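Let the hints inform the model, and build the full structure from the sequences given.
In the working numbering, the protein residues as written are 1 to 141.
Treat the hints as calculated values from the structure; they're not laboratory data.
In this text, all values refer to a predicted model and were calculated from it rather than measured experimentally.
Hints are not guaranteed to be accurate.
Stated by the list, open to error - Calculated lysine-lysine pairs in the DSSO-like style (CA-CA distance at most 30 Å, straight line):
| id | residue 1 | residue 2 |
| --- | --- | --- |
| 1 | 124 | 6 |
| 2 | 102 | 6 |
| 3 | 6 | 61 |
| 4 | 74 | 61 |
| 5 | 61 | 102 |
| 6 | 68 | 124 |
| 7 | 74 | 102 |
| 8 | 39 | 74 |
| 9 | 124 | 39 |
| 10 | 74 | 124 |
| 11 | 39 | 68 |
| 12 | 11 | 68 |
| 13 | 68 | 6 |
| 14 | 11 | 39 |
| 15 | 6 | 74 |
| 16 | 102 | 39 |
| 17 | 11 | 61 |
| 18 | 11 | 74 |
Stated by the list, open to error - Each pair of labels, with its calculated beta carbon distance range:
| id | residue 1 | residue 2 | range |
| --- | --- | --- | --- |
| 19 | 66 | 88 | 17 to 23 Å |
| 20 | 72 | 9 | 19 to 25 Å |
| 21 | 72 | 46 | 25 to 31 Å |
| 22 | 88 | 109 | 18 to 24 Å |
| 23 | 96 | 9 | 31 to 37 Å |
| 24 | 65 | 96 | 39 to 45 Å |
| 25 | 33 | 127 | 34 to 40 Å |
| 26 | 127 | 96 | 39 to 45 Å |
Backbone N, C-alpha and C fix where the C-beta goes; we use that ideal spot for every residue, glycine too.
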Amino acid sequence: MDSSHKRHIAKTITWRLVGTVDTIVLSWAITGNPFTGLKIGMLEMFTKLILYYLHERFWFKFYVEESKTRHIIKTISWRIIGTLDTITLSWFITGNALTGLKIGAAEIITKMILYYLHERTWYKINFGLDKTRRAKKWKKT
Numbered sequence: 001m002d003s004s005h006k007r008h009i010a011k012t013i014t015w016r017l018v019g020t021v022d023t024i025v026l027s028w029a030i031t032g033n034p035f036t037g038l039k040i041g042m043l044e045m046f047t048k049l050i051l052y053y054l055h056e057r058f059w060f061k062f063y064v065e066e067s068k069t070r071h072i073i074k075t076i077s078w079r080i081i082g083t084l085d086t087i088t089l090s091w092f093i094t095g096n097a098l099t100g101l102k103i104g105a106a107e108i109i110t111k112m113i114l115y116y117l118h119e120r121t122w123y124k125i126n127f128g129l130d131k132t133r134r135a136k137k138w139k140k141t
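Quick look at the structure:
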């Protein structure tokens, strides 16, 4: 397994932990039921791990110069995918489309902020970067 795959797996796991806690708390707050929050969060953990990894690989393959603008665009593209997944899962688990939409709408703000902070944190970490990308990255900072 090359180092970029290790980096993407590590980023996937750390983001999923942050995202799952956020989903559980929001779902619990909106439904009033902690078990519904846990069901949504746990199911989402599996779907989002796969979707996030694919999203990371896509952005890695189509390399765009590292910048805050790139992080913002990447944040928005991920949030669209993530929110659609959350709405679908929430609707499926609660049986109520409106509840799914409420949970999805609430997480748009929290998840975009958390994701941007996650991206900026990982930007400062060299784990899994080849020497060429590491050198380019540190030249810019």
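Tested hints:
{"no.": "1", "hint": "124 to 6", "result": "holds (16 Å)"}
{"no.": "2", "hint": "102 to 6", "result": "violated (35 Å)"}
{"no.": "3", "hint": "6 to 61", "result": "holds (15 Å)"}
{"no.": "4", "hint": "74 to 61", "result": "holds (13 Å)"}
{"no.": "5", "hint": "61 to 102", "result": "violated (34 Å)"}
{"no.": "6", "hint": "68 to 124", "result": "holds (13 Å)"}
{"no.": "7", "hint": "74 to 102", "result": "holds (23 Å)"}
{"no.": "8", "hint": "39 to 74", "result": "holds (28 Å)"}
{"no.": "9", "hint": "124 to 39", "result": "violated (34 Å)"}
{"no.": "10", "hint": "74 to 124", "result": "holds (17 Å)"}
{"no.": "11", "hint": "39 to 68", "result": "violated (34 Å)"}
{"no.": "12", "hint": "11 to 68", "result": "holds (18 Å)"}
{"no.": "13", "hint": "68 to 6", "result": "holds (23 Å)"}
{"no.": "14", "hint": "11 to 39", "result": "holds (23 Å)"}
{"no.": "15", "hint": "6 to 74", "result": "holds (20 Å)"}
{"no.": "16", "hint": "102 to 39", "result": "holds (16 Å)"}
{"no.": "17", "hint": "11 to 61", "result": "holds (16 Å)"}
{"no.": "18", "hint": "11 to 74", "result": "holds (14 Å)"}
{"no.": "19", "hint": "66 to 88: 17 to 23 Å", "result": "violated (32 Å)"}
{"no.": "20", "hint": "72 to 9: 19 to 25 Å", "result": "holds (24 Å)"}
{"no.": "21", "hint": "72 to 46: 25 to 31 Å", "result": "holds (27 Å)"}
{"no.": "22", "hint": "88 to 109: 18 to 24 Å", "result": "holds (19 Å)"}
{"no.": "23", "hint": "96 to 9: 31 to 37 Å", "result": "holds (35 Å)"}
{"no.": "24", "hint": "65 to 96: 39 to 45 Å", "result": "holds (44 Å)"}
{"no.": "25", "hint": "33 to 127: 34 to 40 Å", "result": "holds (38 Å)"}
{"no.": "26", "hint": "127 to 96: 39 to 45 Å", "result": "holds (41 Å)"}
Checked against the numbered hints above, the structure breaks hints 2, 5, 9, 11 and 19 and satisfies the rest.
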